[in-house]
Every structure is written in structure tokens, then in C-alpha cells.
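Asks: Protein sequences, first through last, are from chains A and B.
Residue numbers for the first sequence follow the working numbering, so the first one is -4 and each next one is one higher.
Residue numbers for the second sequence follow the working numbering, so the first one is -4 and each next one is one higher.
Hints are computed from structural coordinates only; laboratory data are not their basis.
All C-beta atoms, glycine included, are put in the ideal place defined by N, C-alpha and C.
Check each hint, because a few of them may be wrong.
Covered stretches of chain A (chain B as the covering partner; in silico rule of three or more C-beta atoms under 8 Å from a C-beta of chain B) [as the list claims (entries may be wrong)]:
(1) 162 to 169
(2) 741 to 753
(3) 805 to 817
Number of protein chains: 2
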Amino acid sequence: MPKYVYDFSEGNRDLKDLLGGKGANLAEMTNLGLPVPPGFTITTEACKVYLDGGREPAELAGEVTTHLATLEGAIGRRLGDPEHPLLVSVRSGAKFSMPGMMDTVLNIGLNDVSVDGLAKQSGNERFAWDSYRRLVQMFGKTVLGVDGELFEHAIDRLKEQRGVKSDLELDAGDLRALTGTFQSIVKEQTGRDFPTDPREQMDLAIRAVFDSWNGDRARLYRRQERIPADLGTAVNVQAMVFGNLGMDSGTGVAFTRDPATGATGVYGDYLENAQGEDVVAGIRNTRPLQELEQIDKPAYDELLGHMRTLEHHYRDLCDIEFTIERHKLWMLQTRVGKRTAGAAFIIASTLVDEGLIDLDEALTRVTGAQLAQLMFPKFGETDAPRIAKGMNASPGAAVGVAVFDSDRAEERAKSEPVILVRRETTPDDLNGMIAAQGILTSRGGKTSHAAVVARGMGKTCVCGAEELDVDLAGRKFTAPGGVVVNEGDVVSIDGTSGAVYVGEVEVVPSPVVEYFEGTLAPDADPLVAAVHRLLTHADSKRRMKVRANADTPEDAERGRRFGAQGIGLCRTEHMFLGDRRQLVEDLILAGDDEAARDAALQALLPMQRADFAGIFEAMDGLPVTVRLLDPPLHEFLPSLEDLSVEIAVLEATGKPVPEERRALLDAVRRLHEQNPMLGLRGVRLGLVIPGLFQLQVRAIAEAAKMRKAAGGDPRVEIMVPLVGAVQELEVIREESEQVLTEVGYDEALIGTMIEVPRAALTAAQIAESADFFSFGTNDLTQMGWGFSRDDVEAAFFSRYLDLGIFGVSPFETLDREGIGRLVRIACEEGRAAKPGIKLGICGEHGGDPDSIHFCDEVGLDYVSCSPFRVPVARLEAGRASIETKGSDTR
Amino acid sequence: MPKYVYDFSEGNRDLKDLLGGKGANLAEMTNLGLPVPPGFTITTEACKVYLDGGREPAELAGEVTTHLATLEGAIGRRLGDPEHPLLVSVRSGAKFSMPGMMDTVLNIGLNDVSVDGLAKQSGNERFAWDSYRRLVQMFGKTVLGVDGELFEHAIDRLKEQRGVKSDLELDAGDLRALTGTFQSIVKEQTGRDFPTDPREQMDLAIRAVFDSWNGDRARLYRRQERIPADLGTAVNVQAMVFGNLGMDSGTGVAFTRDPATGATGVYGDYLENAQGEDVVAGIRNTRPLQELEQIDKPAYDELLGHMRTLEHHYRDLCDIEFTIERHKLWMLQTRVGKRTAGAAFIIASTLVDEGLIDLDEALTRVTGAQLAQLMFPKFGETDAPRIAKGMNASPGAAVGVAVFDSDRAEERAKSEPVILVRRETTPDDLNGMIAAQGILTSRGGKTSHAAVVARGMGKTCVCGAEELDVDLAGRKFTAPGGVVVNEGDVVSIDGTSGAVYVGEVEVVPSPVVEYFEGTLAPDADPLVAAVHRLLTHADSKRRMKVRANADTPEDAERGRRFGAQGIGLCRTEHMFLGDRRQLVEDLILAGDDEAARDAALQALLPMQRADFAGIFEAMDGLPVTVRLLDPPLHEFLPSLEDLSVEIAVLEATGKPVPEERRALLDAVRRLHEQNPMLGLRGVRLGLVIPGLFQLQVRAIAEAAKMRKAAGGDPRVEIMVPLVGAVQELEVIREESEQVLTEVGYDEALIGTMIEVPRAALTAAQIAESADFFSFGTNDLTQMGWGFSRDDVEAAFFSRYLDLGIFGVSPFETLDREGIGRLVRIACEEGRAAKPGIKLGICGEHGGDPDSIHFCDEVGLDYVSCSPFRVPVARLEAGRASIETKGSDTR
């Protein structure tokens, strides 16, 4: 027969599934001998039985009676006793903390009789009636579902009648009257009397906690957080203690170390003659915890002892709630405490020094997300006016003059820092984005072009600042309140918060980045030392290698400084922009004219070769994965709309239309696609446009051969994008091998992106022709979900997050159930077909902590991400290795 | 130890894997006691060993020697014997017929000595030298790889020298000289003498057959036909017999029934004093087979006997090649013969009557593709000029006046038949397409809008007729040669061949369709009777139901007449076009203005209700699956390009721009998507636009309720499109159930399309909220492969077919390995999660024969296709049941 009720002394912290997080920690403290008010926990199993069948398990009432009797014995009072009433709290407590659930009902056990007993017992009539009215109010609202506003209005009316402003000015008589009013409200709203039987109060509260598991907010929260719907919640019943019985009582919060800086020492707040909710309400100022020493030295010393006990026991920063009831210290709750990113690193490292944990465990105490936060410059304090708030698309702090055009931004950036301001960006803005300190747009979300490219560059970006009216032609934007910023005015943007300021705000650089860049020594300050120590340990532990996505020698060098062990994705499309646009246009316009096409390709060859030579030099001795051209060709041409308008206007106004513009329009119209993402791109270009991929392969091979001749050690991997069928790869592989042979460089690996769902589903076949797979999880997510990131974020992602359809955008964190399943299939079946095949990821997920753990689980050989994310990936790959230690990861 | 060589008497027709198709049938005839020239088959296993290791298996030479000796004993001549030389043929013969492979080398065994023996033995010196020069030519070309043109040129030069026109005019001396010339060519081209050792000739020819398995054309053919690359080919070595030894010899082809009409009786051709290649060359006119009775009655009677034997043995129409050598009949080859679609039905039915096969087997002898061919009207003989050839996008024959605009086409079709001529069609052309007899476009391929919609309607379409220069503004098109067709001129288009004619061509309606429509009795003619009989049998055998895709009551009724058991897909987007476009525009332009939005929805409600009422009436008693709105909203608005040009031109010419056009442009620009297919559509619309799906559900429920009140039996299934996550469906389901409750009709099933890859991958979760799945394999193919049908067909499908990347477009036949795997996963896991879930398919694949068999394999409950394909699907579903009979299909 299952056991549905556990005394606190019967549980421990490993029973979170059964007792919930709160119950498990209360049990742990009880077992440590700490002074916890006695109580018991009703298990999640009991909740599940109730939710399945609509009634409590038959045995529950009896078990509760038994445990209640034990509780009454321990505390020496009885529930409902008219003289010495026991009061209890009833609290929900699931395995995972769930803000959507019912929280707490306090003071259960009071009724019209026992309130007098409490008054006598406490010697404080006002306290007793205040406790009672709080019970009626909380119970009415949370258990009986009465609109809470009705109680608040009643209090307000009473205060008006009494001519007072604060609840504290109401006396015992007022509160007695208020309790009566509250009871009438309950009767009126629910058609029944407020229950005066204390056991009935308790049973109804327990049932209400059970029911709250399926409340609207809880279900929405679970949907968002992907918490299974069938876990159920536990219920904690605990004797009440009171910090508001006088100046010999009080309540407080304590931290075993400083959660803001990680510094060693006692931190916290204390408030005399108060209950927990008063601290939260913030009506009175709390006192620093240290002052408790003067107020009540024995209690203070006892608390410090318990804090030491807990920190040694949990081997981590603990966050504690306590109450002193007439000099008697009670420990109400503890949990491992939250902390800032910097504190996390410092505390983890310090705990190692103190011998409490080893380096492996220290590594699990910090996260990549925390490290990423530490890598961005920040704004200092400022008086500059904040004029708007957009999306915090790419963190950091940037200051510069506003410029509204990418070419001018590039020009002006030569002499002063620039913020590029656009409605939205396109690939044509790349030069401006590279030149600018930061990017500000008035449209688009976190997956807009601006956001994605900025994050890839590690560049500050605020996007979708919709309050700003950007007038590109007028070279200005207007903020709410009529503030006008003209080109050349200084603005400051905070990519971490999304704030936009007029004027210059001081920027504090990140010491962690200075350390990665080599301009700050590892022992320069405690934070850098802790980061260095843990990252070095992560490197020694991780199974996966970490590479950088880099398209230029500069990016490659930065990636290498940041610890990259190669390039996982070198995109070549950026190499076709700028000065070379004309050649690409010639290539496209050549159509079937072989001579014209070859001329364009020949002109591109030396440029491409130089591109690759620089990158191979920067990454000498490390692998470089070069992706052949991916985007549709019309991305290199003007837009159909613009060109149509241009020519129509010339015609309408009787002006001559240059023949080449007309030819260009024809080409643009011919190449126009309804859905370019699903059009002629990637391997399809290579199969349809004679000589294009061969040009790229030749440039790669020639660059590698030259590098080798110069004594270098190029390690080349040629990657074919968008393959969906092995036959596509076979054809390109054959052609490429022929070119490699012609050039006389045959050491390159040839592999493919796995970014089309069908490629994952037929990976066993594709593996036969591939030396490596690199998962392009951006496209895999787009095609697997059937939505394009460019189109859908603005249109419906926010609504989807609201509805709980996503907990997090699948473009940020890999969707394990859907897209992850494709990745897993491809890994397992690709490896079964070709055991030595190299597996990696080069989508943006390669820099996302949760996704990196997934990559480790499925056995990838490496992750690749933007240079700025490389340290994050190193850290998370190390953590992943430690977490899966002991289990067979392959 | 494997056995590498089989005498013909050792094999049988079940050994096609080992002996190839040709070898197996030769063995079968030998075992039947038919006079087959003796020979042996070298197995595919021997070929595989050779291909793997680059050399023949060690045992092969010895086995060949043994079998050659047997052959020589049987025929009484020896290979290379100077007096009585044995000549043999060496032919390839794989399991599947492969036109890409080496075919045949004849006359092996001839050399400068044995040619005299052959001359004496045959008494015909010219014959002997002609045979020899043919050997050197064939051997040189196929075995030694000499360019065949060189031999042809030598013949031409000789004929010039002799002043003759025909090969036949060359005498024995000429041919002897020519043989010498041919030998010199071989020596010159290969650096070696033509091999005169007969055994060496044979061994080299065998090896050449092995090698031909990996020839370029063979590999391409296999890639296209998805024939495994490791099967290998068998080699047949057979004694030569000669039909060209005089007027007492000859060669012919015979069919056991008429392959054109299916009529019973002997058919064939005979040519005296000739070899098989002479028949093929067509230099002399063949004689009807029946005349052989006069020429050589004993041989004729013997042949007829063998034909009866073969037909009874194979229980099917046989196609036979035979040779008579000096009155002696030799059977050279047999196989089950090809036949026309009509003959297939008639023969299958007749064989049942004759007791040779049962109805189950008869059903396997006909295909859905054949039935589909019989359902289209055809053109009769014509003198009208054919002016172009486009793609045969949707079969049939249509005649009408050319009209270049859909609105005019609709108008003009009221008084006369119309052919709608466009460069390409868009959804706006729907009215014109509905009104027209046929559609002709100058752009787009078989999956263009015109082709897809026309096939869906069963309407004749020729698309991509690129020779035609369509001038929409001038209301005319120009064909090659300057032929101009103006609006109103009559044209005829043949959707089966792609031909376009000027003028009227007579159209012969399909009797099979007349039978389906009920205007022709089942016994009206033999063809209709056979179709009726086999289709009725298919209905009695099939496990899967067949439904129609129908959006109107008219389509629903036709589907029902054609045997549909419900509607599997009723699209609702067509219901928002035409007169209602303005309301939809109002709805879109309403944006966040609730009142305006509700007004538009309220105005649409009665119209939608009437739409559904008509369909429910037509399908009374049968299930109707209504899909909620799927396409992106901007499909209902003008194009961005057109509207931008319109307004820019007004501005440039100083004319006023109407405010509503400007507002419309803003809306179009706001709703513009980079990739509409991956944008705001389907369930996303339902989640983002308040009230839209509720409007549709309300209209459905009200129509069903009214129908029920009127005594009808509506069976409603509401289908949510584009679901990728169960959470999406949960929200819509909840809202829909609320509407159903409000209306008071709660019998509707609620299910979802499975058309997004992620939906298939998470089908177990989605099944929890779905009463049914309907596979939308069009979108599943697009997203799974990552290409949009609108964009890619023209751009690269033809190239892909050329390269053998596809054997067939995955939009025509379901790609089993990739997309089929998703379907299989969803079926298995959906059913595991909810055993009673209903599974169907409503993509175009539901009408494709091969795909229907796949649907049966994975256990779908029904397929749904266009009304015209319903009989095809009924037939194929029946065949699928019979083929899987005995195996557990679920």
C-alpha cells in the first residue's frame, strides 16, 4: 500500500519527485537537527490519485489524522483547541517551482472560538484578530475562489470610515469587524458559511492545492516550460510560528555568501516584529542581518551556526528564511540560492579552495549563459535620457553617431564610432554593420536579419524599437515626445536591456573578454581568475571539440584566440558581395552564354583563392570547413519591386529606359522565386550552373596547395549545402574530386550539411558519399517546423510564446523532440553506415548551452559557433562531459 | 562452392535474380520442350565477383569449358572448327531490362579459317563473309570500344567505290575486302589484332558484358530507375541459328493475342530470308504471320502449337521471337508481352473467362495508370497543323476559342467552348480555368499552378509550350513560323501528348467515363464490361476506402458517382475568392479594429454556411473532411509589385493616389512574406487572427445542424492545417469545441493534417488531441525536401531527372525513403498512442498508383484524391490488398 503522508523527519532532499522541492528541503533541514516547525508532506502520488479519479485516496484522511496527531504532540497544542490552538500553514510544492500554482494558506485552525485562545496565548488581541482576518481573506480567495478585490475594497472602506491610511492603524476591534465583513463576503459569494471546523479548513485547503495543479496559469506555465502534466504537486502542512508577536520576535532572509559579488561572509536582512509578507511588502525598512547580533545575540549565533551547517551540507550558497518567535529561532525554508553571473564563478572557485567541492562539481555550478553575460561591455551609471526600448537582440553596450545608410556608415566609421540606424537590415548592409559599433532598427525581432547577423558578429544590437519613427530619406529618427535624432547625433544603445539613449553613456569593457583577447592576465582579478580556472578545467574534461564559424581571416584569428579548434563553417556568400557584385551579376546575366559565364568565373577565381589563402593561414594546422555557395542568386541582384518601380516610372514620365536596366529586370523576374528559401540554392545551384562549384573548389584547392608549398599545414573540408539526396552529393563529389586531382591537391575531405529533413532521414545513404556531416540546424528547424525565421518571428512568435506553444524559440534552443529527433536519426544511422564519419553542428544552436548538451548526448565530434560564443561552448561542452560521466556516450 | 554456369535446361523462370530475365525465360522454354537453340547462362553471381575483384572467379573458365562442350555435343559442331564451325551469340541479361547495357555480339566463332567452313556448310559465301564482317564490326564496337562511325564510314566508302546504294548489292568479294578493312580499323584503334581465337572472342565478349554493368548509361539508368547498383548482369551464350540462309529460312515476331485491342487470335510478322536485325531495320516489308501457313505449313503449325503452350504456361499474352533455318523452327526468346491500356483490361477479363486465371490475378494484370489513360477523351485523325509541343501536364483533348484573360474566358464560355491561354496561371485565374475546356500556358512545368490545378479538376492542360510567344496585351500568341493565333481563333490541345493545333480537331469521348457517369451501361462494349468487372472485384477486395477531394457540391457529386466514399479534403480557400474578396480584404485591413473585423466575419458567416450545406447534402451519409483556412492572407490581396508600380507611376505623373490604394499597399507590404509557404498560414492564422477559425467552425456546425434537422445524415470532420506541435492543436480544439457546444452540434470529429515534418516526428503527442490524421503529402514533400513546387520544377527538375537524382518527381509519386518514412513514423506512433485514430491521405499522391500501394502498406484507412482519380484509386487499392494478401498489413 502506498504511503501518502511523510513526516518531515521521514523525507530527504532526494525525494523531490514525491515530496516536491519545498518538502524535500524541509525534511533535509529537519534531519540535520535544525529547528524546523514540525509538519508533514502529502505526496505527489496522493495528488495524482486525486486528479485521476476526482477524489482523494481513501487512506489519505487516516494518514493525515495520524500525522496531525504527531504534530500536535510535538508542539503541545491541538488544532482547534479553544485555549491553546495550533495553527498550521498549507503550501503547494511541486518538483519544479511553479509560479502559476496556489501558494499558501496561513493560520489554518482559527475560528470564532480559537481566536480568543490565540489572543490569550499571545497576549495580543490585535494580533489574533489580524491573523483570523488574514485566514478568511486568503482562504476565501485561494480555496473558495472569491474575487480578492472584494476583500481589498472592504479594507479600504473601513480605513476610510476610520479616517486612517495604514492597515497598522486599525485596532483589534476594527479587525474583528473586518473579519465579520469578510465572512459575509464569503457567504454572499459562495452561498456557504466560512468553514469554522479547523480540520475542514485544512482538508479544503489541501484539495485546493491539488486542484491548483490544473489551474489555467499552472497549465500555461507547464506548457511554456515543457513540464509534464502528470507530475502532480505535494502539499506541506506545517505548524505556524510568528515573528510578529512583539519586539522579541522578527523575521529575516539570510545568504551564506554575497549573491551579488560572490564574496565570502554573511549577508541578509532582518525585520523586527514582522512576518515574511511584511518583508516582501516593503513597508518598513529592513536592517542588515549583522545587526541581529546586537538585538538577539543567542539567536544570531545560533543562526550563523545553522548557516554554516547548511552551506557545508549543501556545499553551496544557501538562501534561508527564518523567524524568531519570542527569542526562539525557527528555520522556515532553505534552498540553494540564486546569484549573479560573476558571483557564480567566484563562489564555485572559492568552494574548491575551501575543499567543499572538486573542480568537476565547480564546473556544474556555472553556466554558459552566465559566462556569456560576463563577456559583454556594460553601461555605467548615466543621466542620459532613455528615449525608447526595443528588443535586446544582441547584448553589449555601444555608443556612436547615428548614421542611416550603410555606405555612409562605413565611410564615417573611419573617423568616429558609428551606430547604424535602419528600419531593418538586409545583406546589403553588411559593410555598414561591420563598420558600426552597434545596430539599431525599428522593425524585426530577435531573429531578424539585424539580430542574427549582429549576434554572429558579437555586435551590440537593439532591434524592433517600434517607438522610433525612422526617416531614412530625412536622415533622422523621431522618438516619443518629439525627440528628433539627426544623422551625426550621438546615441547609446544597450543590447542587454534594449534601452536606447540620446547622448554618450560611459561603457565599461568586459575584463573577461580582455583576458580572452590576451590583454589581461589570468590572475588580473578574482573574476577572471575563476573564469580561467573553470574554463581550463572544462577544456581538460570535454569530449567535443569547439570550432568557430568564421568567413574572414580576422574572424578566424579571433576564434582561435578564444579557443576555437578549427572553423566549422566558412560561408562563401559574403565573398560575392561588395566589389564583386558586378562579376556575379555578369555571371547571372550570362545565362547560357558559355564564354561570358567563363569570363566571369575566371575573374572571380583569383579573388576566391586569396579569400581562402588568408583563412587557411589564420587556421594553420586546424580544420577549416568551407561551405560552397548557398543563397539563391537573386540575392545578389536588386529587388524586383524596386526595379519594376524604377522602370515603370521612367516609362510613365517619358524618359528613356537604359537597355541594361531592362535586361536586369528580365533576369530578376526570371530568377524571382515565390519561396527563395525553398528554391534554387545550395547544391541545386552547383548542379544547375555549370562551373560555379568547380570555381570554388579550384580556388580552395589552389589556396591550400600554395599554403602547403609555403610550409603551412592547411586542413581543408569542403562542405556541400542543402543536400537532400545522396545522388546530389555523388555528382558534386565526382566533379570536385576531378578538380582536386587537376590542381594536384587531394587531401581535402568532402562532406555535406544535414539541413534538409530528408537528408537526416536518408543519412545512411548520404554517409556513403560523405566524409563528414555538419548539422545546419537553422534550416533544419525552418524546414522541420515549416516556418521561415525571416517571416514568422514578427508575425506570430510572441503570440506562440504567450499561448505556451513554445517555451523558447526553436531558433534559440534546439527543439529536441522534433528537430533533435532528426539529428539523432542522422547521427545514429550515418555512423552505422560509416563508423568513422565526422559529425558536427554549425547552426546557431552550436553556441547555445542547452543545445550543446544535446550535441554531446547524440555524440557529435564538435560544435561550431560564432567566435564570441566559443568560450561559452567550451564551458558547456566540459559541463556536458561531466554530467554524462559514467554513462556511455558512445 | 557456387555454381557459376547454368545450362538452359538447368534454370527456370523463377531464377531471374541469378540468370537474369532473358536467361530465365530461355530456360523455361527449354524445359517446356520447345526447340530453343542450346546454350548456357553465366550467373549474376559470377558478374558480382568480377566487379568486386576486377577478375572472373577462378572456377568460371572451367565451368564455361564444360558447358561449351555440352553445347557442342548437342549441336554437333565445335567452336572454331574449320569445317563445321559452331557460332554463338553472347548477350547481356539482367534481372531488370536495362537499355543502358551492352546488348549482343553475334557470330562469335568466325575467323579467317572458319569463315570458309561456314561458306561451305551454308553453301553461301556471301552469307559467310557478311556474317564475319558483322562480327568484326559488333565486336570492335561493343567489346573493344572502337568508334562505330569508323565502320559505317568504311561501308559508305566501299559503296561509293562500287557505285551501289544498298549493302545488299555488295557481293562476297566486297564483303571479304570490307572484313579486311574492319580488321585494320581494329588494329589501328586498339593497337592489337582482331582476336581470331574463338574462345578468346567469347571470353572477351563475356567480360565486356560484365563491364557494361558499370557503363555510364547503365549507371544513369539505374540511378533513374532506382535499380540497386550491386545486382550484376547474367550473360547468355547461345548457338546461332540463321534465318537468312535462303527462301526456306526466315525470322518473325508473334503475339498470342492482339496487343493493340486484346482480341483473341494469332498476330505477328514474318520475313523470309532474314535475320532479326533486318526486321528491325525495316528495309523490306514484313508479311502477316498468317501467311507463314502458305510458305511453310509444318513450321507454322508447330509455331502455333508452341504459342498455345506458352500462353497456357505463362497464362498471359506472350511475345515471341523465332527463326526458321531451312524449315527448322527455333524459338529464340519469349516474354509476357506489352499491350495497350484497353487490351490489358480485355485480355485480363478474357483469361478469366477462359479459366486460365482467377479474378484476383486478373486484377494484378491491369494498372491504375492504364485505367487513367482510358478515362481521357482523345483526338481522332486530323489534318490540322500542329504548331507547338508543350508539356503533357494533364491528359485529355480539348478544343475551343483561344481567350487570354480569365474574366473574358468565363464570359465567353457561356456561349462557346474556350481554351484559356496564359503565360502562366495564378489563383486569380480559377474562374477562367473552371470555365475553360482546357488550359494552355507558355511557361511552367508539370507542377506549375496550371498543371496542378488542371489535374485536380481533371481538365486538359498543355503547359510550358515555350515556342509560343504569348502577348496578353495584344490578345494573341505567335507560334514558330510566324503563325499568329488571335483571341477567338479555334485551337485544339492534346494534354496526353502536349501537342497544340490550330483549328478544330475531332474529339472522341471516353466510353469508360460515360460508364462512370452512368450514361453508358456496364455491358455497353467489351472494354467497359472488362473495366466494370475488374473494378467491381477491386471494390470487393480492397481494405482501404477511397474518398474524393472536393470543394463544391458539383465536385462532391461527381466524386460520389465515381465511387468516392466521402470527401477527404474540402478546401475552404476557394470560398474566399470571387465576390467575397472584398469582405476578406475588409477583414485583413481591419487589423486590430475589432468592430470592423467582426463585421467582416459576420458577413462571411451565412455564405460559408451555405457552402457547407451544399456539400453535406451531396455527401449525405458519408464523411466530409473540411480543412480550415490554409493559405497566407496576402494571397487574397493584389501583388506587391503591381501595386507599387501603380502608385509610383501615379506619383511620378503627378496624378492623385487614392487613399485606399495607399492603405492597401501598406497592408500588402506589411503582410508581404519572403517565403509565404513558410509563413503565416494554416493553424498559425487560426491562432493569430481572432475569430477566423471560429467563424468557419460555426458555419460548419450550423450547416450540419440544419442538415440534421432536415432529416439528413451529415458526418463532419474538421481538419486543422499545418500543425507542427500538439500545443497548436490543443488551443484550436478547445476553441472549436466551445463553438460546437454553443451551436449545439457536437458530433464533429476534430483532427489535423500531418504535413509539417515535425508533426510526423511528434505524432504520438499530436494523436492525443486528434481524432484523425490526414497526410498532406504535397507540403510534406515540399518541406521534407526543402523545395517549393512553384519554384523548383522549372528551375531544376528537368536537370535532376537528367542526372538521375530523381527517377520520378517526388510530387508525382511519394518518395518512400524520405517522405514515406515520415508517414510511416506518424502512422506507427500515432496509432500506438491512440489505437482507434483514423488515418488518411489527401495530398495528390492519394491518386497515384505507386503511392496508393505505399498507403496500403503503412495501414492507412483511406486515400483521397480528385474525383477523376477515384476509379484509379479504387482499382489500385484493390490490387494492393491482393498483393499483400497473406501478409499481415496491420
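Asks: For each hint, tell me whether it holds in the structure or not.
Replies: Hint-by-hint comparison with the structure:
Here's how the stretch 162 to 169 of chain A fares: 0 of its residues keep a CB closer than 8 Å to some CB of chain B, so the rule of at least three is not met and the hint is violated. Note: the stretch 741 to 753 of chain A has 4 residues with beta-carbon separation from chain B under 8 Å; the three-residue rule is met and the coverage holds. Residues of the stretch 805 to 817 of chain A lying with their CB closer than 8 Å to a CB of chain B number 6, which satisfies the three-residue condition for coverage.
Hint compliance for this structure: hint 1 is the single one not met.
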